[in-house]
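K.L.:
Residue numbers (the working numbering), protein chains in the order written: chain E, 1 to 277; chain C, 1 to 237; chain U, 1 to 237.
Please note: incorrect hints may appear among the correct ones.
The list that follows gives simulated cross-link-like pairs (lysine-lysine, DSBU-like), each with its CA atoms no further than 30 Å apart [what the hints assert, rightly or not]: (1) U:LYS46 with C:LYS71; (2) E:LYS70 with E:LYS91; (3) C:LYS46 with U:LYS71; (4) U:LYS137 with E:LYS155; (5) U:LYS189 with C:LYS71; (6) C:LYS137 with C:LYS189; (7) E:LYS47 with E:LYS70; (8) E:LYS155 with C:LYS46; (9) E:LYS70 with C:LYS137; (10) U:LYS107 with U:LYS137; (11) U:LYS97 with U:LYS46; (12) E:LYS47 with E:LYS91; (13) E:LYS52 with C:LYS189; (14) E:LYS160 with U:LYS46; (15) C:LYS46 with E:LYS47; (16) E:LYS71 with E:LYS57; (17) U:LYS97 with C:LYS46; (18) U:LYS107 with U:LYS189; (19) E:LYS47 with E:LYS57.
If you are wondering where the hints come from, they were derived from the structure by calculation, not from laboratory data.
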Amino acid sequence: MSAPDEIENFDEFQSTAIFADDQALRVAVDGFEGPLDLLLTLARNQKVDIAKISILKLADQYLEFIEGAKKLNLELAADYLVMAAWLAYLKSRLILPQEKSPEGEPSADEMATRLRWRLQRLDAMRAASTRLMGRERLDRDVFGRGDPEPINVVKLRTYKDTMYDLLTAYATDRVRRLGGKVYRPQMAPVLHIEEARERLERMLGRISDWSALDRLLPLDWSGGSRRRSAVASTLLACLELARDGKVEIQQTAPFAEIFVRDRTSTPVGDAVTTSPN
Amino acid sequence: MSSVAKMIETIETEMDAPTQEMAANPEHLRMIEALLFAASEPLDQKSLSTSLPEGADVPALLAALEEIYQKRGVNLCCVAGKYQFRTASDLAFLLRKEQPEQKRLSKAAIETLAIIAHHQPVTRAEIEDIRGVAMSKGTIDMLMEIGWIRIRGRKRTPGRPVTYGTTEAFLVQFGLESVAHLPGLDELKAAGFLEAMPPSGFDVPNPSDALGPDEDPYTGEEPEEDLATGSVNLDEA
Amino acid sequence: MSSVAKMIETIETEMDAPTQEMAANPEHLRMIEALLFAASEPLDQKSLSTSLPEGADVPALLAALEEIYQKRGVNLCCVAGKYQFRTASDLAFLLRKEQPEQKRLSKAAIETLAIIAHHQPVTRAEIEDIRGVAMSKGTIDMLMEIGWIRIRGRKRTPGRPVTYGTTEAFLVQFGLESVAHLPGLDELKAAGFLEAMPPSGFDVPNPSDALGPDEDPYTGEEPEEDLATGSVNLDEA
Chain E
1 MSAPDEIENF
11 DEFQSTAIFA
21 DDQALRVAVD
31 GFEGPLDLLL
41 TLARNQKVDI
51 AKISILKLAD
61 QYLEFIEGAK
71 KLNLELAADY
81 LVMAAWLAYL
91 KSRLILPQEK
101 SPEGEPSADE
111 MATRLRWRLQ
121 RLDAMRAAST
131 RLMGRERLDR
141 DVFGRGDPEP
151 INVVKLRTYK
161 DTMYDLLTAY
171 ATDRVRRLGG
181 KVYRPQMAPV
191 LHIEEARERL
201 ERMLGRISDW
211 SALDRLLPLD
221 WSGGSRRRSA
231 VASTLLACLE
241 LARDGKVEIQ
251 QTAPFAEIFV
261 RDRTSTPVGD
271 AVTTSPN
Chain C
1 MSSVAKMIET
11 IETEMDAPTQ
21 EMAANPEHLR
31 MIEALLFAAS
41 EPLDQKSLST
51 SLPEGADVPA
61 LLAALEEIYQ
71 KRGVNLCCVA
81 GKYQFRTASD
91 LAFLLRKEQP
101 EQKRLSKAAI
111 ETLAIIAHHQ
121 PVTRAEIEDI
131 RGVAMSKGTI
141 DMLMEIGWIR
151 IRGRKRTPGR
161 PVTYGTTEAF
171 LVQFGLESVA
181 HLPGLDELKA
191 AGFLEAMPPS
201 GFDVPNPSDA
211 LGPDEDPYTG
221 EEPEEDLATG
231 SVNLDEA
Chain U
1 MSSVAKMIET
11 IETEMDAPTQ
21 EMAANPEHLR
31 MIEALLFAAS
41 EPLDQKSLST
51 SLPEGADVPA
61 LLAALEEIYQ
71 KRGVNLCCVA
81 GKYQFRTASD
91 LAFLLRKEQP
101 EQKRLSKAAI
111 ETLAIIAHHQ
121 PVTRAEIEDI
131 RGVAMSKGTI
141 DMLMEIGWIR
151 IRGRKRTPGR
161 PVTYGTTEAF
171 LVQFGLESVA
181 HLPGLDELKA
191 AGFLEAMPPS
201 GFDVPNPSDA
211 LGPDEDPYTG
221 EEPEEDLATG
231 SVNLDEA
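Bound conformation, chain E alone (with noise of 0.2 Å):
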């Protein structure tokens, strides 16, 4: 039972619940919200203040408007039936007052008091529903920044890759490639300072003084990258036998040949030697 628009205008509302002729009262109890909300009209047509309206007045006029109502057949709703109900008894008990209310019931005073009180209660509530819908509200009567700049979250993106990561992607990256398109290669050869260190150990003792360096090479190391992987090794070797007091060596200006002496078998000589320390 809702009007079909917003009426923030109670009292315009109302005045189109007066009725004068029938045709108005079928308008009106279409319009009504029940029963109070009939009873609250009526009220108001007493053109009292609601707080001092006789109850009996009041309903004698609700009583009417059903029968009125009831006459042109028009369809109630069951609450403004028993609203009629109660007010008849509420009336009848007005009208001969008794000494005494029955047990546990209100005294008809009461009765009146608290429906006057109910009715003043939905008008001031009427009231204040007509002051909150005519306050100014947001984007209709004030508006806000039309416009409105936002906040922007800008990402402060930092990254964590490192150097390591740089050249590991560096490395795994070409390797790959290159691995893929080029032939395996052969690992380079290389003579290792071990077995270079095993092999002058042995020959400890057949070394003849002051032998070249280049002629204590394995036979099958020469020529080439697998030369120089033997001479870097047998040196490297040779130092290590040096340091531990095995041979001697001796070179006598940079890149010149290098000689090695085995001292396990010569005597401590006094040749001008060059001991890496």
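Fit chains C and U to the supplied structure of chain E, relying on the hints for placement.
P.N.:
Showing chains C and U alone in chain E's frame:
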């Protein structure tokens, strides 16, 4: 002196109140003005404070700003405990916009909203008692959908009915600092119309966002036991 | 006098300019302020004029408003003949919220970056050749956006492709003094990034910030003539 200069002089005179004098750092004032101007939503003191330099006296700045803008075309308003610049209400005639998209509220919905606002926390039965008519389900649904009301708790009475209250969006829409700022609230209270019964010395319920003395926080569906053992709730009530 | 009052006095002094004195009706000023505040887009004088009462001197009002807001947190700006309030440009930082986010480069991106770093100056085609895969446009764009690579020149080869190199920000990120300090082959081996015997054909160039022998400095878009006369460039290369 020009009329504009006169207006500014008025602002200045108001600004000379000693309370704002010390605290309102003009650079901070510019900042808070910019923040509030830029925002699309009301801002609370806490979020303003985090955006301003440390030590900025937000309450003093807000007070200063409110005074500066008091007579202007744009005013600083406090809604739902937050701050927002809004066009002056007397200029509504200039700016008013009809909003066809917003559902027009029925008389029943408007009344229900007003009752919920003033009587919160309030149950459906209490609303029906005030209006003297059974409420159609759609009314509450519609107000909930608009976002103006919410279920806020349960009443410690038999059946433990849910209680309704208004939302922050309601306060923002109607330009209210809090529900305690509803116009005419004091008169309604004084007349006893916010009480459940005719005045006879019962305590006066105030509309409040805090849980009422006979209200429990809303936790969704009630456990079935509670519904079955109405007697327990009766004892509690 | 309080600092705020001083600021207002400044505004007032500015407002006393005789041009605005006559025309700026304070009520009209409030209206234009509200209109501009509530507008969702910049407004031109004509549309302001139709919203304001007849006879309102829009140019004078705008001038007055501009002066009032000149030193404030919000300014009245005119862009393309339309007016709007904008946050004062020196307060733009208030509207920025920085959110740190840590990321890692994608595999393709870090490999590309490593190759640019070691092989610079290097063209896109060369990067693709080294990596053996076509590169997505996004990779270079992303590295440029981060600011770690830059276009440093053009190669004197047909088509004059741009050459890429690393930036100062790259050196900072990876803790390098200069690109010449990038580890070479031996250091890569020694540090265990490469096997003792890298595949044949594996060389690690010595990167440099200086222009390469076949590199021209980058001067933006190539003039059309250069693109047309590829043969000339071929000779040069």
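K.L.:
Look at each hint and say if it fits the structure.
P.N.:
Evaluation of the provided hints:
In summary, the hint linking LYS46 (chain U) to LYS71 (chain C) is supported, as the alpha carbons are separated by about 26 Å, within the 30 Å threshold. Distance restraint check for LYS70 (chain E) and LYS91 (chain E): the Cα-Cα separation of roughly 20 Å lies within the 30 Å cut-off, and the hinted pair is therefore satisfied. With a C-alpha separation of about 26 Å, the suggested pair LYS46 (chain C) and LYS71 (chain U) falls inside the 30 Å cut-off, and the hint holds. Simply put, LYS137 (chain U) and LYS155 (chain E) have alpha-carbon atoms about 23 Å apart, close enough for the 30 Å limit, and the pair holds.
Under the criterion of a C-alpha separation no larger than 30 Å, the hint pairing LYS189 (chain U) with LYS71 (chain C) is inconsistent with the structure, at around 77 Å. Under the criterion of a C-alpha separation no larger than 30 Å, the hint pairing LYS137 (chain C) with LYS189 (chain C) is consistent with the structure, at around 28 Å. Taking the CA atoms of LYS47 (chain E) and LYS70 (chain E), the gap is near 26 Å; set against the 30 Å cutoff, the hint holds. About 23 Å separates the Cα atoms of LYS155 (chain E) and LYS46 (chain C), which keeps this hinted pair within 30 Å; it holds.
In summary, the hint linking LYS70 (chain E) to LYS137 (chain C) is supported, as the alpha carbons are separated by about 29 Å, within the 30 Å threshold. A distance of roughly 15 Å separates the Cα atoms of LYS107 (chain U) and LYS137 (chain U); the hinted pair therefore holds under the 30 Å criterion. This hinted pair does not check out: LYS97 (chain U) and LYS46 (chain U) have alpha carbons roughly 37 Å apart, beyond 30 Å. For the proposed pair LYS47 (chain E) and LYS91 (chain E), the alpha carbon gap of about 21 Å is at most 30 Å, so the pair holds.
For the hint linking LYS52 (chain E) to LYS189 (chain C), the alpha-carbon distance of about 20 Å falls within 30 Å, and the restraint holds. Using a Cα cut-off of 30 Å, the hinted pair LYS160 (chain E) and LYS46 (chain U) is violated, with the two alpha carbons roughly 55 Å apart. Of the supplied pair hints, the one linking LYS46 (chain C) and LYS47 (chain E) is violated, its CA atoms being roughly 53 Å apart against a limit of 30 Å. Restraint check: the Cα-Cα separation between LYS71 (chain E) and LYS57 (chain E) comes to about 21 Å, which is no more than 30 Å; the hinted pair holds.
A hinted pair counts as satisfied when its Cα atoms are at most 30 Å apart, and LYS97 (chain U) with LYS46 (chain C) qualifies at roughly 16 Å. A threshold of 30 Å between alpha carbons decides the hint, and for LYS107 (chain U) with LYS189 (chain U) the separation of about 22 Å falls inside it, so the pair holds. Distance check on the hinted pair: LYS47 (chain E) and LYS57 (chain E) sit about 13 Å apart at the alpha-carbon level, within 30 Å; holds.
Of the numbered hints stated above, those contradicted by the structure are hints 5, 11, 14, 15, listed in ascending order.
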